[in-house]
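Sequence lines, in order, name chains A and B.
For the first sequence, the working numbering assigns the number -2 to the initial residue and increments by one for each residue that follows.
For the second sequence, the working numbering assigns the number -2 to the initial residue and increments by one for each residue that follows.
There's no promise every hint is true.
In this list, chains with the same sequence are indistinguishable; a pair is considered to hold if it fits within one copy or across any two.
[Claimed, not checked] Here are the simulated DSS-like cross-link-like pairs (lysine-lysine), alpha carbons at most 27 Å apart as the crow flies:
(1) Lys407 <-> Lys646
(2) Lys420 <-> Lys531
(3) Lys236 <-> Lys407
(4) Lys105 <-> Lys341
(5) Lys646 <-> Lys621
(6) Lys301 <-> Lys643
(7) Lys80 <-> Lys92
(8) Lys406 <-> Lys5
(9) Lys105 <-> Lys337
(10) Lys407 <-> Lys707
(11) Lys621 <-> Lys591
(12) Lys90 <-> Lys561
(13) Lys521 <-> Lys13
(14) Lys632 <-> Lys90
(15) Lys420 <-> Lys23
Simulated from the structure, these hints should not be mistaken for laboratory data.
Number of protein chains: 2
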Amino acid sequence: MSTSSVAKLDAIFKPKSVAVVGASTKPGTVGNDLLLNLVRDKFSGKIYPVNPKADEIHGVKVYKTLGDIPDEVDLAVLIVPAKVIPGLVQESKAKGVKGLVIISAGFKESGHEGAEREKELTKLVREAGIPLIGPNCLGVINPQINLNASFAAKIALKGNLGFISQSGALCTSVLDYAEARQIGFSKFVSFGNKADVKETDLLEYLADDPETKAIALYLEDIGDAKRFIEVASKTFWEKEKPILCLKSGRSAEGAKAVSSHTGSLAGSDAVYEAVLKQAGVQRVTTISELFDLAALYTTQPLPKGNRLAIITNAGGPGIMATDAAIAAGLKLAKLEDSTKEKLKPPVLPEAAALNNPVDVIGDAHSDRYQAAVETVMNDPNVDMGVVLLTPQSMTDSDNCGKILPDVIKKIGKPVVAAFMGVKQVEEGVNYLVKNGVPNYAFPEDAVKSLAAATRLVDTKSIAKREYVEYKDVDIANANKIIADYLGNQSEKYLTQADCRPLFECYKLPLLKSGIAQSADEAAKIVSGIGIDKKVVMKVMSAEVVHKFDAGGVLLNIEGVDGAKTCYDKIYANIAKNVPSAKIDGILIEEMAEKGVEVIVGCNRDGLGPLMMFGLGGTLVELLKDVSFRLAPMWKVTAEQMVREIKAFKVLDGYRGTPKCDLDAVVDTILRMAALAVNHPEVAEFDVNPLIVHAEGKGASVADSRVMLRKPR
Amino acid sequence: MSTSSVAKLDAIFKPKSVAVVGASTKPGTVGNDLLLNLVRDKFSGKIYPVNPKADEIHGVKVYKTLGDIPDEVDLAVLIVPAKVIPGLVQESKAKGVKGLVIISAGFKESGHEGAEREKELTKLVREAGIPLIGPNCLGVINPQINLNASFAAKIALKGNLGFISQSGALCTSVLDYAEARQIGFSKFVSFGNKADVKETDLLEYLADDPETKAIALYLEDIGDAKRFIEVASKTFWEKEKPILCLKSGRSAEGAKAVSSHTGSLAGSDAVYEAVLKQAGVQRVTTISELFDLAALYTTQPLPKGNRLAIITNAGGPGIMATDAAIAAGLKLAKLEDSTKEKLKPPVLPEAAALNNPVDVIGDAHSDRYQAAVETVMNDPNVDMGVVLLTPQSMTDSDNCGKILPDVIKKIGKPVVAAFMGVKQVEEGVNYLVKNGVPNYAFPEDAVKSLAAATRLVDTKSIAKREYVEYKDVDIANANKIIADYLGNQSEKYLTQADCRPLFECYKLPLLKSGIAQSADEAAKIVSGIGIDKKVVMKVMSAEVVHKFDAGGVLLNIEGVDGAKTCYDKIYANIAKNVPSAKIDGILIEEMAEKGVEVIVGCNRDGLGPLMMFGLGGTLVELLKDVSFRLAPMWKVTAEQMVREIKAFKVLDGYRGTPKCDLDAVVDTILRMAALAVNHPEVAEFDVNPLIVHAEGKGASVADSRVMLRKPR
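Only chain A is shown next, with the shape it has when bound in the complex (with noise of 0.2 Å):
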């Protein structure tokens, strides 16, 4: 589907009229069962089932085709068996219909031959120039015009929560689990086998939603990983939507075997965490986090920090709620003498906690609980709180639930509640969360979705979505170079020796060398290094094959003259031990300073390259202490990948070692990443190590490889 065409959506989600294709009289059949949801949801607009056999069902006129309709029809949803689709489509095209949804199955999920079939329901909704979701797909909701177009069996709640799904099984205990917690959805999309609008689609779609203020998606897999990073980030930065994602299912890509150690270490599921992140989407694990979280994004302000009040009224909760503060990374806030102050008696009692967690004592009622809540949560130094009631004899849960959400809602923090228990506080729980109040049925989860909300808004510098554009790279002579290595071989493997070439296509920080035929020409080519740095020269002989045994190796030499008597040397070692060899010359290499060692690597995934980075060495390796990130990347997201790791202190300067050069970590990555992108032929490399000296001395790459395969 084309960007531009995101606005017809609107003829799916906001029809003025329906057409049910396939509309059946048979009670338990998908085809009635979607034509008595939009009946008995009393979806707001017309209803048009098309059934050439009958007459009426669940009491509205039944048409024999799209074209007996006299109305226009702005969504015509197909549930006819998959053979006779393309003819509906045509069918609809001629009735001028705006957006299609195709319920059934028969495409892509069934093999080769469905496969082909979707192949051209694709082509030809695309020619027909209408949007289509599906097929083999669930249906819409748009609980806000109470359409259901969906064979769930119960329309969903009204509310902000954009819900889209390429599980349609998973819908219908979703929509029952959402009920069951009173969470309500602006749109709720099962989009099956995303022929025609993908989840970028619906991304954009509900970015401009004014009824949707947060985003769950629950992704399979994801088509364009490029697209979904673009669409997301805006989403999330721009229109300030927080994104939830349960991806589920392992890419089928990243379980192919590689060779490269980045392959190695970017275990199957990496690519996604990657676009996940680089996409500003904060992924949850399991459904219930995905509700913690919307149920939080939906109705709370994010948080300016991450310094949390609680309120209680007993102990044990709140010390539940504090340890899960501290695991998740919150601080407790800490308040001024004045909240203290306007706490003291006759707000709360002698015997109540005025330092944070406050604690309003087992005996509060409601009143005690909207003081502490307004006086706390208005000291400046707290940034969210948590409201804790364990229903004790003298609790009047019911009064604290119907109070708290007015509070709330004036304070301009993210507030929510843990009215603990089920039963007891049923009633309290219903009027907070009916008037927008979150509440978990624990301490733990409560605090745990402020966290999450808290690590949401740190993505803050992530606003800089900025590529950087080398100019100085020489892409032509770097797919020269790559052309002339492949050949007519379907892959190469290119030693350190064989990346210079191509490195310094991309100006990576090579170190020095030269080849030397003479002993002047090796003082010429060591002035050249830098006469401070120390060099290594090597024998160049095919003959010599332990060229250390043979005196052919020389480390750690300084100056012009010491090159000169070194070269004299090796040529002297090498006529004595391996006298028949014949020597092209002698190799000088500048050896690198001492720094951090770094590991960059790539490694191709289906979604696009696959960018590593870790600390160089066995232990970082066993620990899997890497980052990854899909390129292209934006500077910051290169930034990311470096102080995501967990021993990133090493190069932050640690216990007295000096700061590394951070930039050009930076710059390496950036630079390799596009090296990645502008060569589909770089299958996978790894620099290994890379050298980072102190801050403002640059890197050093001191070993490299590169595999570069044909793409097919």
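Assemble the complex: chain A is given as a structure, and chain B must be docked to it using the hints.
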């Protein structure tokens, strides 16, 4: 409370008669509520309210005093002001009361005076020989005999979970929540300030309680860690009752400033983490997790392996369960061909997926579920199962719920359900849960719970709970050395050299050394160290400050002749460079052979000596890849410490490096643990690094320090 008196707790949990001292006529008071609970919940024994001013409350005859009660009183519940408690204990003794529950507050929790009052109370009840639960608690519930001797608003459901809680306020919420999940209890205890009966006593009681199949603890501290470990480990490994613990509240001891490496790495919670691990107690972090696992442990057998079968009627949830299983360390069972054969049509339809996850397809009725569960779960490659059900149009979740419990009972492997949704699956879930099949709202929670069960049985090796007795350690001499070092000081820091005599008493693997006063002596010492070893020689002189610069330290010395030569050389160097220096001799130390550097440390916590193990080096420190256990520990515990660190592979032979001498590491940990246990003055120590050599070659203490401190 003495261990032998645990049997006495029957008087509290299985009383034939209960006196409520402080029963009140005033509704809404604890004294009124508690009596009401006994009456309303139909306690199977006799109830005797005691109140000097009333005749009848809740239809029960009231007695003026305990002494007035005509029958025997097994349990007396006291709800009277703290001040009159001592008198009532005396009255109870006179009356022959066999157990006490004191609800009243006003003790340790209320400050210094209360704490003194509590000490008195403890003394009093112990003299009287009456076991006491409380004070400052909610009371106790035994649903098996309808005993609700608490002021919780409702009685617990009958079941097999023993629950003991240090927080009273939490109990009401937990009861409410557990009822909603239909989780029943064998005993439900709020134990308050634990003036007499401790968590360990209750554990011991529940270990022998035939109605208790699993135990759940909410703890804010642990009084006696050693006894806790003994009792809990017996309960789990011998009585085969899993124990779950929600531990909340950070250790005050842990938060105090520490000077050692170990101390700085041990978070405040590390000691509790260590104790729970040693005790075989499974720690949970949320109440919902607690009940997720309790539901499993009270109804299903523990798994024999980690191979999971998934049976589902929808693809999406099957994928979610698969992802959750892999993430939690489970394996997807590979079904036998014969199993798949049995599932073929007509048992399952053509479109069904016969590979695990087995998809019975969206239109499956209970018969298909029954056949699939029976067939798949009896596959010998399957250790455990999860049955997923999404409510689709054709799904009969009620019937599925009805038939599954019988099927599952016959299998003898743990099987749980995730009937997804709330209202739509309500009836089916009711059948499941009432008949002993745990149900989870979503696949992830079901799978996580099974994975937790697998981790629990993984600790099988701990069944060998044996202490190593070191007969070769010289405790008396160590005591003398410590006393000499400390003298009159309250603390004393020992350098590496200072540690030597102390460590020698414990036969720690010290590098050999000696002091030479002549070249011949030097030769003799080197012979003793071994002529195949390298040594370092250092001048001993207070006047030579910069020993290295003055030529007073020589490295890598080999053989007897080398030693002689170097002895003379050092004398010559000093004579030349620091002519005024008085030389006390030459220290000769064995140089450690190569190996992997590890750290073994100890930091004394309120609960005992907390031992730490990890690899050496700053990186490990940064990544906090260390393990903790409390000393004394079993041999297997030390082995766990070593294997638990993420970088364990480095010791176990990684990428061609030789396997290290793990026995030597374990031996060193245990010897150092013995040092810490035997000498309370040993406040902190680090052996850092301990160099671990290749298998069979032992380990060497390369550097160490000890902080001695007089215990308060």
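Hints, one by one, checked against the model:
no.	hint	verdict
1	Lys407 <-> Lys646	neither (41 Å within a copy, 56 Å between copies)
2	Lys420 <-> Lys531	neither (77 Å within a copy, 75 Å between copies)
3	Lys236 <-> Lys407	within (23 Å within a copy, 56 Å between copies)
4	Lys105 <-> Lys341	between (68 Å within a copy, 24 Å between copies)
5	Lys646 <-> Lys621	both (16 Å within a copy, 13 Å between copies)
6	Lys301 <-> Lys643	within (25 Å within a copy, 36 Å between copies)
7	Lys80 <-> Lys92	within (20 Å within a copy, 89 Å between copies)
8	Lys406 <-> Lys5	neither (36 Å within a copy, 55 Å between copies)
9	Lys105 <-> Lys337	between (64 Å within a copy, 25 Å between copies)
10	Lys407 <-> Lys707	neither (61 Å within a copy, 57 Å between copies)
11	Lys621 <-> Lys591	both (24 Å within a copy, 26 Å between copies)
12	Lys90 <-> Lys561	neither (83 Å within a copy, 103 Å between copies)
13	Lys521 <-> Lys13	neither (82 Å within a copy, 103 Å between copies)
14	Lys632 <-> Lys90	neither (46 Å within a copy, 78 Å between copies)
15	Lys420 <-> Lys23	between (40 Å within a copy, 25 Å between copies)
Checked against the numbered hints listed earlier, the structure breaks hints 1, 2, 8, 10, 12, 13, 14; every other hint is satisfied.
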